[in-house]
Amino acid sequence: MRRPPYPVRTKPYGTAFLELARERPEIVCLSGDLTRQCEIDLFQAEFPERFVHAAMAEANMMGVAGALARSGHLPFVHTFGVFATRRAYDQIANAIAYPALPVRIIGFMPGVSTPGGPSHQAIDDVALMRALPNMTVVDVADAVETAQVARAVADLPGPVYVRLKRGEIPVVFDDGHRLSLQHAEVLARGIDVALFSSGMMLATTLAAARTLEEAGVSVSVVHVPTLKPLDGATVREVAGGVRALVTAENHSVVGGLGSAVAETLAEAGIGRPLRRIGIQDTFAEGSLTAPYLFERYGLSVRHVVDAAWSALDRPGPAPETPDTPETTTGSGAYSPV
Amino acid sequence: MLMPTVRRFSDPGSRWTVTDPVELALRVRLNAVRMVAPQGFGYLGQALSSAEQVAALFSAARPGRDRLVCSPGHYVIGPFAAAVALGLLDESALRDYGKNGSGVEAIGSERSPVVDHTCGSLGQGLSAAAGFALSDRMRGRDVRTFAMVSDGELEEGQVWEAAMFAAHHGLASLTVLVDANNSQVDGPVDTVTTLEPIAAKWESFGWHTADVDGHDPVALAAALADADAEPDRPSVVVCRTSTSHGLDCLPPDADGHFIKLSPELAWRAIDELTRELEALHA
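Just so you know, the protein sequences line up as chains A and B, in that order.
Under the working numbering, think of the first position of the first sequence as 1, with each following residue one higher.
Under the working numbering, think of the first position of the second sequence as 1, with each following residue one higher.
In short, the hints are calculated from the structure, not lab data.
Hints may contain errors.
Stated by the list, open to error - Across the chosen pairs, the derived CB separations fall in these ranges:
no. : chain 1 : residue 1 : chain 2 : residue 2 : range
1   : B       : 206       : A       : 186       : 55 to 63 angstroms
2   : A       : 45        : B       : 39        : 50 to 58 angstroms
3   : B       : 206       : A       : 233       : 53 to 61 angstroms
4   : A       : 45        : B       : 229       : 30 to 38 angstroms
5   : B       : 255       : A       : 119       : 39 to 47 angstroms
6   : A       : 53        : B       : 275       : 54 to 62 angstroms
7   : B       : 255       : A       : 33        : 38 to 46 angstroms
We put the CB at the ideal spot given by N, CA and C, even for glycine.
Whole structure, please, built from the sequences with the hints as guidance.
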């Protein structure tokens, strides 16, 4: 595990996906008119005969992908998460999820990582995809995991929704880290509070854990890359050893990580105070920069620390938190669309 | 209930022979009446309007190779009825159609036999058909994909996304039959939304088109042959039909989308169609 400030990498998905495609001729790549933005210009340049421009027509793109999978191809479908899920939900349900076809849907720009406004913010994609039978839902944390995710999902049974940040991706894990889609990963063991993190909230969660530890709170940190099927055994085991829990996700608190953890706790009869950090059932307006959105909509390190403090019912004010450069989006080659 | 032995139109083991499309269309109507009669209501109108199209498809397709996508799942009754008539599907399918736990569901599902793909949620089948055709071209396979589409479905935007896609990619192995029966849930299609000119719309999207009497077996066969000969573009045959065609005993105000069939009316329908079949053989 690295310490901040974290270095960034560009195109970790696109580069790794191309490497995988060189080994797997059955892979076909579909683009909903966001080819460079989804890093698949690399694939298009090398394998034009396996690249399909599906245009701005996501419903049709999902239907075509379903038929390609039914015919033995391994389709990877690329667009922004909002268009992949909200716009084509019925098509994914009927053409992909119900027949349990191996289509890999790659949705970019999760949550409030974009200045594109509510129309471009995928704050409900995890909830929607979790609701579909047969669907696996993956939300990786950093550039190391992003570079491994295409290979990791290639042979999973049935369809997979992968949520990816685009642009400059922070490198939080050491390069030897291995992404697991089967297990939630316990990164720290403490006895007071457990912080569960999915996707790009890892850096924020780790910063919150450091602040809490410095204030004398013993913290567990659990990284949850697969939201469905959730690793309930790890959730139950960790929850049983702490007094309170906080979930942190760049997504609505309805239907994502917080809901999944709450469902697990309730069904196991584990009674612990739970706070859900995420977008509080609202659309996030007024965007230009990510730090503004993360602060305004409750996704900052301070929000995580405050939530843990409150869940533990600690006296006095929560500890001060440092600035959070970890949540800054890059402004390099991938300017927002 | 028996699960069907032949799963798909294109399965390599599928075999059938159509000796007379006129007789097959009659048998589609008769079998559809038998399927709907136990419930007293159902998607009989779809079978009546598409009977000749189904007969033409089974006549033109190469068994065990070409594909059939039945986009409006309600229409799957037609391919089921034809498959029973051709010995492709067990007679028990007539009895089991639409029953609890049956593998031959009234609205097409993943486990629907005979067809290669169907869509209960309207407007999605053409995308799948385009995907099949794209796959065949990527692999250099000589396979035709036929897609049954209904006129009401043309109200769904996805159909036109797929139409643009298929034309842009030059998917010539794709042939669509649009059943223009002017019927949808709320009444005649042209009172709900204007689709005309249907053929001109497809043509402007880059398709080879034909506009025919959908109850004329000769015209349908010719249109499918022309579509097969079209080297560069996907083809669409707009079939003008009626949801009561070929069954004189139906009341004039029968709801084409979901016909009510009392036991008495069902017996009259079976009698009428049986006599027509006998006359054909006389």
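Evaluation of the provided hints:
Between residue 206/B and residue 186/A the beta carbons are some 56 angstroms apart, a value that agrees with the proposed interval 55 to 63 angstroms. Between residue 45/A and residue 39/B the Cβ separation comes to about 57 angstroms, which falls inside the hinted range of 50 to 58 angstroms. Separation of residue 206/B from residue 233/A is about 55 angstroms and conforms to the stated range, judged on CB atoms against 53 to 61 angstroms. Taking the beta carbon of each, residue 45/A and residue 229/B are about 37 angstroms apart, inside 30 to 38 angstroms as hinted.
Residue 255/B and residue 119/A have their C-beta atoms about 41 angstroms apart, which keeps the hinted 39 to 47 angstroms range intact. Distance hint check for residue 53/A and residue 275/B: the Cβ-Cβ separation is about 55 angstroms, which falls inside the suggested range of 54 to 62 angstroms. Between residue 255/B and residue 33/A the C-beta distance comes to about 42 angstroms, which sits within the given range of 38 to 46 angstroms.
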